[in-house]
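Colleague: The hints should help you fit chain B onto chain A, whose structure is shown.
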Amino acid sequence: DAKTTQPNSMESNEEEPVHLPCNHSTISGTDYIHWYRQLPSQGPEYVIHGLTSNVNNRMASLAIAEDRKSSTLILHRATLRDAAVYYCILRDFNNAGNMLTFGGGTRLMVKP
Amino acid sequence: NAGVTQTPKFQVLKTGQSMTLQCAQDMNHEYMSWYRQDPGMGLRLIHYSVGAGITDQGEVPNGYNVSRSTTEDFPLRLLSAAPSQTSVYFCASSNEGAVNEKLFFGSGTQLSVL
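Those protein sequence lines, which keep their order, are chains A and B.
This note's numbering puts the first residue of the first sequence at 1, with every later residue one more than the last.
This note's numbering puts the first residue of the second sequence at 1, with every later residue one more than the last.
Here chain A stands alone, though its shape is the one from the complex (with noise of 0.2 Å):
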């Protein structure tokens, strides 16, 4: 299975926008991005998912390189709620169904 690698932990300010990286350079053609977070003794939550096309949703914004070796899960005004792990997946044929992959993420902490 293609491997996402992250940064352990990001700090923001509160409401400013924040860009959360992810590199995955094996990607396959077939593999989607999945994007999910987990808030202090809560379940994991899923933000986003994409293909190829950058995509919104109300949570965030998920910008994928053009070679889809890497993606950026944009938060636009980040708020005391938003600090939580953020987990970029990979997700193909070989893990469809509830078998997600998770790394260590990246932690998530925003300054007031």
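Hints in this document: simulated from the structure, not taken from any laboratory.
Each residue gets a CB set at the ideal place from its N, CA and C atoms; glycine is no exception.
Among the hints, erroneous ones may be present.
Not close to chain B: a few residues of chain A, all C-beta gaps over 10 Å, as computed [as the list claims (entries may be wrong)]: (1) 14; (2) 42; (3) 99.
Stretches of chain A that chain B covers, calculated by requiring three or more beta carbons in the stretch to come under 8 Å of a beta carbon on chain B [said to hold, decoys possible]: (4) 46-59; (5) 84-92; (6) 102-108.
Modeller: Just chain B, lined up with the frame of chain A:
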């Protein structure tokens, strides 16, 4: 909407005891799964089910049993608890197995085995 409900939220066991972690979802999802999360780590898949009557092993299945008699419920059984099974357990479900499908997670069961 209840979503994915896990019970209990906390449990302390002695080595060798058995217990069942409960998971129920009210979204009529076909796919359900169990993950464990050790401190400071990502989640690892224990067992999963693609529908009632069908289960399969994930990455770390040893010491755990599952069954899926209904669409709604997917209990996880610890046969003989060991300290290495101290962890937080999460149940998840999704409507289908498509790679663009999102998963819904429960709030977790924190298990300590003494």
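Colleague: Determine for every hint whether it applies to the structure shown.
Modeller: Now the hints, each set against the structure:
1. 14: 25 Å, holds
2. 42: Non-interface label fails for residue 42/A: nearest chain B Cβ at 6 Å, not farther than 10 Å.
3. 99: Incorrect as stated: the minimum Cβ-Cβ distance to chain B is 6 Å, not above 10 Å.
4. 46-59: holds (count 3)
5. 84-92: holds (count 3)
6. 102-108: That given contact holds, which follows from 4 residues of the region 102-108 of chain A lying within Cβ reach (below 8 Å) of chain B.
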